[in-house]
Amino acid sequence: MLLPRLIARNAFRHKLRTALTVVGIVVAITAFGLLRTIVDAWYAGANASSSARLVTRSAVSLVFSLPLTYAQKIRQVPGVRSVSWANWFGGVYVSERNFFPQFAIDAPTYLDMYPEFILSPAERKAFMTDRKGAVVGRKLAEQYGWSVGDVIPLRGTIYPGSWSFTLRGIYDAEQGVDQSTFFFHWDYLNEAIKRIYPRRADQTGVFIVQLREPGEAAEVSAAIDATFKNSLAETRTETEKAFQLSFVAMTEAILLAIQAVSFVVIVIIMAVMANTMAMTARERGSEYATLKALGFSGGFVARLIMAESIGIALFGGAVAIALTLPLARAFAERMGTLFPIFFVSEETMLLQACAALCVGVVAALFPAWRTASVRIVDGLRAVA
Amino acid sequence: MTLPFGYIARNLAARRLTTTLTAGGMALVVYVFATVLMLAAGLEQTLVSTGQDDNVIVIRRAAQTEVQSGVDRAQAGVVESLGDIAVGRDGQKLVSKEVVVLINLPKRDSNKPSNVVIRGVTPVGVDLRPQAKLVEGRMFRPGTAEVIAGRSIAGRFQGAGLGETLRFASSDWTVVGIFDAGRTGFDSEIWGDSEQMMQAFRRLSFSALVFRLADTSRFDAVKTEIESDPRLTLEAKRETRFYADQSELLSKFISYLGTTISVIFSIGAVIGAMITMYASVASRTAEIGTLRALGFSRTAILVAFLVEALLLGAIGGVVGLVAASFMQAIAISTMNFQTFAELAFTFTLTPRIVVVSLSFALAMGFVGGFLPAARAARMNIVDALRAA
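Heads up: the sequence lines are chains S and R, in that order. Residues are numbered in my numbering as their position in the first sequence, beginning at 1, plus a constant of 80. Residues are numbered in my numbering as their position in the second sequence, beginning at 1, plus a constant of 355.
Source of the hints: derived by calculation from the structure; they are not laboratory data. Accuracy of the hints is not assured; some may be wrong.
As the list claims (entries may be wrong) - Taking lysine-lysine pairs in the BS3-like style, the calculated list, with each CA pair at most 25 Å apart, reads:
{"id": "1", "chain 1": "R", "residue 1": "Lys462", "chain 2": "S", "residue 2": "Lys309"}
{"id": "2", "chain 1": "S", "residue 1": "Lys321", "chain 2": "R", "residue 2": "Lys467"}
{"id": "3", "chain 1": "R", "residue 1": "Lys467", "chain 2": "R", "residue 2": "Lys448"}
{"id": "4", "chain 1": "S", "residue 1": "Lys321", "chain 2": "R", "residue 2": "Lys462"}
{"id": "5", "chain 1": "S", "residue 1": "Lys309", "chain 2": "R", "residue 2": "Lys592"}
As the list claims (entries may be wrong) - Just so you have them, the derived chain S footprint on chain R, three or more residues with Cβ under 8 Å:
{"id": "6", "stretch": "417-427"}
{"id": "7", "stretch": "519-528"}
{"id": "8", "stretch": "541-553"}
None of the values given here were measured: they were computed from a predicted structure. From the three backbone atoms N, C-alpha and C, an ideal C-beta is built for every residue, glycine too.
If we strip away everything but chain R, and leave its shape as in the complex, we get (with noise of 0.2 Å):
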């Protein structure tokens, strides 16, 4: 025989300031808990779309980031000439040699500077990127001191905006375009014609060059082939690993933290969840006294207290919740440490971040409601309906 849900459901609501209170402690902990999961979510999220499986990413071996690594001419040319690569179709190699490095922009809200990457770009690298969608004005003109803005660069940094003017590598660039690349790493970052930029910042070599494979499971067989050419000094990796990689620091860091914070929060929310429930436990001795007299067992007793004690995490999970899910409108952007650039992504929430938190709401029940329970359990008759 078990107790009715509705006499545990009443229990909470008899004592509604500290029920409230409770449940609220948890709700905190579950949000916080809930936010950094979402944040290390859409950080990942971010930089694995930024990338495509049959685009490979070709660097100077060891150079762990664009912007480190240098590829000349001549090896640029070795690598074009692969067999392997896609070709499009007006008969051109789908390959795109790219400069890729990084400026100081003052942003518009603080004025502070921070590090953004410019990326010289050919036509046909615009077309590896279908990710990448023109929203507002053209696009630039090759031979043109002509840039396009990614969406989260054009809000936030000055200058950046549709026909606004930036200035670096002493020359002044006109912004004829903004693009919208999703969430993906692209979207931080400004985009103009390459040969332009290389002489811009008077450079010799190419920072990267990125293929399409005609076929995508011919990968490792290329990739042996670039590695294992004696003319090269270069890597090279699936474009969708290359980003992912270049998350794990940063996506690590936030979930260690995050984590570790969450555990601590926890123990906070469970020692309060303990005092609820024992205080629930010692105020209703009589009640317990008079509910096993009537025939109800020890279990169903350390049953109904527990359910109390879920219940209780329940509201404060769903409530916590809830309130990370209204995150999602935020967008964060920060510096990532491994590749020293600006980095825009938003809290994403996932099924199973709100499995997990949930579960985490419950455990927190769980531990806090599990003792009190038992000792509701263990109480004797007798000396229970006598406290009365």
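Extracted from the complex, chain S is given alone in its bound form (with noise of 0.2 Å):
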């Protein structure tokens, strides 16, 4: 066939112009797509959470903690299969700089309700028996040199003190699912409180809840709350998903900000694109004038820009997605435990094609316009 030919010579014909305009979009779509995956990574948290789970927190917000004995009343409420609990510790591991998050947990009903943590066997006994022992997620441990036997410190913030723990099991999780906690016994924590500060002891951040049936959430949660209604210490019961969305929500202005702006390199990239294909169309006008007088249509001539410029766009829109892949994977090493969870989605990719599309598009529309509609005469008189 000729036409694709007659596309493809065209394209080329400034190599110098076209290189650069690639370069220019493989650089848009890919800082879109990376854009775009650190927006998923926010989201993650909350899209890896469980339906069949609830979390119970204090009402007043989530500083305050609640009583253990609250366990055994939830534990009650029907519907309600199993109860776990967490603590949040906010240890320093050798310097504010290393920030990953640290729970003190229920052990065996909490390993019981995650079963996306996979630990072997051996390792999870092991963790059961030792009072001090803790568990952490692969990358974590990955990325501080971690293995098992290690002592690992942390300097309490919310819990003054030296703490060291002794690391008995490293956790694996499907992708998707958070591979950086740190996890250790809350009975030593709870201890440990009670040697310094009798009046903290016996409390809890948060009741982990199953369902029996995930449809039952807004009742139970409903029975829950009403359950300590006016009480010393109300609580807030929603799903683990709703839990996860109300931290994204307090970073929202963020969020936004950087989802505009990956719309914005976008727009750039067309203007780019777009002042392209009208120099393209100018210098060519005489040219395309010519295949008019031949009795080629208005529509055909184009046709003929519109694919050169979706080709481009193409073009470099897939070197983009290829390229993306790699940097993301660089771009997670390097953030290490700050996105726990960090991967391009199919929806990214898609999304980084159709931008492509878009751009090509919408950069011929006015030159094609222009020069389809423009008569025979003036494009040949016209000069470049």
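Make one complex out of these two single chains by using the hints.
Here it is in structure tokens:
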């Protein structure tokens, strides 16, 4: 076929210009993909949560703890299968810069409730039998080069003092599940608090409730909150997803900014590409007029320009998508535990392809329309 | 001999669509660049101006924020008895024992809850923050369930407006006043009576102590005194330093992200400028040849094209900056990672940002224009003339 060859020849007539345009598109589409992935990473915690789990916390705010005696009462609420609890520790490993989440958990019930954290039976047993034991995610262990048996010191910020834990296991998880959390025994924390701050003992930050039927989430949440209504520590119960999303909502302004910026980059590249196509069409004004004089329709010439523009844009888009994957991986390694879950989703890649297509189409619209509608005589007369 | 500026400017005007698109792309980049810098500057300014240099804040050692900290009454008594604390007009020591907690309040527009700082203060504590001024209603009466709300909280959270009631810690609190703390962190807080708050939240210890130094140069001595006292497990910081530390993570995050994005964007804009300038050179080959034949030097040609590119960058820079300056009307509110609490701040345009953004725009023009200008300058007179 002659037509595709003509388009390809046209596209590469100005090699430097086409190359520059392609580079611009590659940069923009890659940036777009990475920014989308950052936004995805923000929502990752919420996406990985189970619909069969509820989180109960103090109605005032997360800073306030709940008495442990609530566990027994929650267990009696109809529709509840089991109850576990966890407490944010907020320790510092060596320096403030090494941030990763640490939770004191009621290990036997907690690990049963979270089958997504995969721990070998031997490691699980070792963790259960060591009061000062800890388990961490694979990513976290790799980042700090920890192996089983290592002693990990943490400096408490909420619970003052130096704490040390022995690593007893490293858990694995599927892609999309957080692999950079540090878990240890709530009992160990509680015993220490009993000694220093007797008043703060036997308290926990949140209860995690496993439902019998995921469909009953609303009823069970209401029933739990009603149980503690007008008590000294009122509760707020919501699904794990809603709980995670409430964190996302607090930083929404930043997220919106990143999302806005990811579209601005597409607009910028649209301007660059439109410029290229406008120049190209103007330079070839007399050529296109000749084609029209030979009997080709205005629509044909417009399609010629459109195809060239889309071709260049899609080529750039394809290179960009191919580049995004290794770049995202490098970025995730650099960022370490700041973004525990960081991978390019299929949806992002699809969006990247759509954005490239969109840039190609929009860039060609005006030049194509003008070339198609210009009078042959004017076109022939025009000098580049 | 150099080429007249009018010739250069008219070249840009001659190809209006191309010039607009290229300058528009650059303007967008400058806009994003300036906006991010303004955001980081606004955040820094907010938290730095929150503190007063002669105020000292005392929290539990290793606690990074007031919310995490705890100071029991015995320790508070020891600090209160320090000799370096300034004395007010009525002979009272200028020290405020405060309770700081976070509560969850739903926002007015989205109904989504966010964390808001509730600060239990004493009348002295209010005096220690002269930047907070009551603008509506009246002060809360000590010993009652009355609170006053910062202006950026009153407008954005349900129940925080004047005359409305907030429900937390199993009682209802009436908002009797709105205070304006300017662009400081206090503008994102709710204040009530310290002792009332301690009862309501069933706290036995304070969160932090704030006092004014009689002599601000004595800070180091006071710090050593507090931190070496075996009865105390506390640390002292100047209030300015304390709040600056709290903005560190968020402002770093914003500037890193912003710089990375700007650099990526600028690649796109530089390429746009390069394409435009190459085309400009190519379409004027004969013209360049004529100019050279008339006696204009290679340098003059190089300079002319460079100035054209710089002009393109300058147009983009100015348009971008003007657009960005409108952002000053918008206030941003987000959670500060370090304090876990809501913080409102504005985009702030400083002279430094204007200079940096314009230099950035000119640099983009220069980088984009240099290679094409060099090509124009290297042209052989005869070949160039023949190209016509």
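Hints and how they fare:
no.: 1; hint: Lys462(R) <-> Lys309(S); verdict: holds (23 Å)
no.: 2; hint: Lys321(S) <-> Lys467(R); verdict: holds (14 Å)
no.: 3; hint: Lys467(R) <-> Lys448(R); verdict: violated (42 Å)
no.: 4; hint: Lys321(S) <-> Lys462(R); verdict: holds (19 Å)
no.: 5; hint: Lys309(S) <-> Lys592(R); verdict: violated (41 Å)
no.: 6; hint: 417-427; verdict: holds (count 5)
no.: 7; hint: 519-528; verdict: holds (count 3)
no.: 8; hint: 541-553; verdict: violated (count 0)
Figure legend: structure checked against the earlier numbered hints; hints not met, in rising order: 3, 5 and 8.
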